[in-house]
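Undergrad: The primary structure of each chain is shown beneath.
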Amino acid sequence: MRRSLAAAFALCLSAAGACAQEPAKTPITLDIANDSLPKSLTGAPGSAAAGKKVFLTRTLGNCLACHQVTSLKSEEFHGEFGPSLDGVAGRYTEAQLRLIVADPKRIFTDTVMPAFFKNEGLSRVRPEFVGKSILTAAQVEDVIAFLKTLN
Amino acid sequence: MLSRYVGLAVAVVVAASFATLAYAQDAERKGIAAPPGHVFKTIISGYEFRSKETRALQDDDLENPGFLAVERAADVWKKVEGTEGKSCMSCHGQAETSMKGVGAAMPKWDDKLKKPVNLEQRINICRTEKMKAEPWAFKSQALTDMTTFVRFQSRGMPVAVKTDGPMSPWFERGKQTYYTRYGQLDLACASCHERNNGKFMRADFLSQGQTNGFPTYRLRDQRVVPLHERFEGCMFDVRAEPFKPLSDEFLALELYVAWRGIGLPVETPAVRN
Numbered sequence: 001m002r003r004s005l006a007a008a009f010a011l012c013l014s015a016a017g018a019c020a021q022e023p024a025k026t027p028i029t030l031d032i033a034n035d036s037l038p039k040s041l042t043g044a045p046g047s048a049a050a051g052k053k054v055f056l057t058r059t060l061g062n063c064l065a066c067h068q069v070t071s072l073k074s075e076e077f078h079g080e081f082g083p084s085l086d087g088v089a090g091r092y093t094e095a096q097l098r099l100i101v102a103d104p105k106r107i108f109t110d111t112v113m114p115a116f117f118k119n120e121g122l123s124r125v126r127p128e129f130v131g132k133s134i135l136t137a138a139q140v141e142d143v144i145a146f147l148k149t150l151n
Numbered sequence: 152m153l154s155r156y157v158g159l160a161v162a163v164v165v166a167a168s169f170a171t172l173a174y175a176q177d178a179e180r181k182g183i184a185a186p187p188g189h190v191f192k193t194i195i196s197g198y199e200f201r202s203k204e205t206r207a208l209q210d211d212d213l214e215n216p217g218f219l220a221v222e223r224a225a226d227v228w229k230k231v232e233g234t235e236g237k238s239c240m241s242c243h244g245q246a247e248t249s250m251k252g253v254g255a256a257m258p259k260w261d262d263k264l265k266k267p268v269n270l271e272q273r274i275n276i277c278r279t280e281k282m283k284a285e286p287w288a289f290k291s292q293a294l295t296d297m298t299t300f301v302r303f304q305s306r307g308m309p310v311a312v313k314t315d316g317p318m319s320p321w322f323e324r325g326k327q328t329y330y331t332r333y334g335q336l337d338l339a340c341a342s343c344h345e346r347n348n349g350k351f352m353r354a355d356f357l358s359q360g361q362t363n364g365f366p367t368y369r370l371r372d373q374r375v376v377p378l379h380e381r382f383e384g385c386m387f388d389v390r391a392e393p394f395k396p397l398s399d400e401f402l403a404l405e406l407y408v409a410w411r412g413i414g415l416p417v418e419t420p421a422v423r424n
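Just so you know, the protein sequences line up as chains A and B, in that order. Be aware that the first sequence starts at 1, since it is given in my numbering, and climbs by one per residue. Be aware that the second sequence starts at 152, since it is given in my numbering, and climbs by one per residue.
Don't take each hint at face value.
[Claimed, not checked] Every beta carbon over 12 Å from chain B, so not counted as near; a handful from chain A, in silico:
no.	residue
1	Lys-53
2	Gly-90
3	Thr-93
4	Asn-151
[Stated by the list, open to error] Below, in silico cross-link-like pairs of lysine-lysine (BS3-like), each with a Cα-Cα straight-line distance of 27 Å or less:
no.	chain 1	residue 1	chain 2	residue 2
5	A	Lys-53	B	Lys-350
6	B	Lys-237	B	Lys-290
7	B	Lys-181	B	Lys-203
8	B	Lys-281	B	Lys-251
9	B	Lys-350	A	Lys-73
10	B	Lys-313	B	Lys-395
11	B	Lys-326	A	Lys-105
12	A	Lys-105	B	Lys-350
13	A	Lys-73	B	Lys-203
14	B	Lys-229	B	Lys-281
[What the hints assert, rightly or not] Partial list, derived from the structure: chain A residues whose beta carbon lies under 8 Å from chain B:
no.	residue
15	Ala-65
16	Gly-79
17	Glu-80
18	Pro-114
19	Ala-115
20	Leu-122
21	Ser-123
22	Arg-124
23	Val-125
24	Pro-127
Think of the hints as simulated: they come from the structure by calculation, not from any bench. Predicted model only: the values in this text are computed from it and were never measured. C-beta: ideal position from N, C-alpha, C; glycine also.
Could you build all of it, start to finish, from the sequences and the hints given here?
TA: Quick look at the structure:
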């Protein structure tokens, strides 16, 4: 019960320095086509197993803070902010999922969901995160690979 | 063996928390009708979003740990400090009568400074100008205790900030801050506390972000926490560079957020997660 809302948002408190980020200062550009990102951000497919880890890790994706996933029922505290991700692989193509994770406001303009692969155009970012995205390109690809298993 | 027991204990606690949360979720959250033109239809105190146990702790003045702050400050109220040989009591007498309603109306316009001041600032103005004593640092136990003590004298009275006249540009400034997305997580106060209050977010229910219980005893910090520290924490957690406590930005935000809870009874010292 002590675990508070703040803690849920505190994705990167103790491990601030350890969070792998994109190299600072180079603005990320997204190759958007038809409201999606057809090309892998790394040029290679991700790993679903690694993606599950990124998905669950509070200092990385922390996706359960807001979403529910029935197959992850053994994990505690699924959030209610965002929609359930059950069957998300059937609702969106891989290319659409990639853009939704990378920069969801490009599609859902009013969403509260953070962009996980964006490193500029943000306000008052804490110095240690300036120029850095929440996830690396490889981590985004891993998450996509995991989301594709949610049929 | 030991780790297995610990694991079991954790599992039990988690299960108990789930049960509590399920209860809280089902419970009807009582609020007050908002005035016309307000953002909410019903204004709901953070109290209503907390578990049965947390609410019980707040409800019992003898159990509520926030009362230690009230008691400490009640002694300091009578203590002479500074070169003028005065205590708070020298000018204000019994806090129970002289301070009644004061905390419910803060932040308030200061004609001399030509800006709004909150309770912490008002206390320090008294110390430096009337008592000729050193001001207390923000977040110091002494300042938070006294703020809690003075606000406690308004317990049960409705939050009644003035937002018109010279306060109006400050209100607008606070409103702008409230709706601005900050930090790497790109979240505004409104993202959680307006659009998603009542929803389950990881281990907690999002409240309306009301300020009527501040300074509030926070279970996770095990001490009474002033409002601007909470503002700082929220901004830090969305990976934003927080504004400074007692800055004009937070003063404006304090005013605006107080208005969002207009009419709610002051609960200081409240108990929150």
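Undergrad: Which constraints among the numbered hints does this structure fail? Numbers only, ascending.
TA: none
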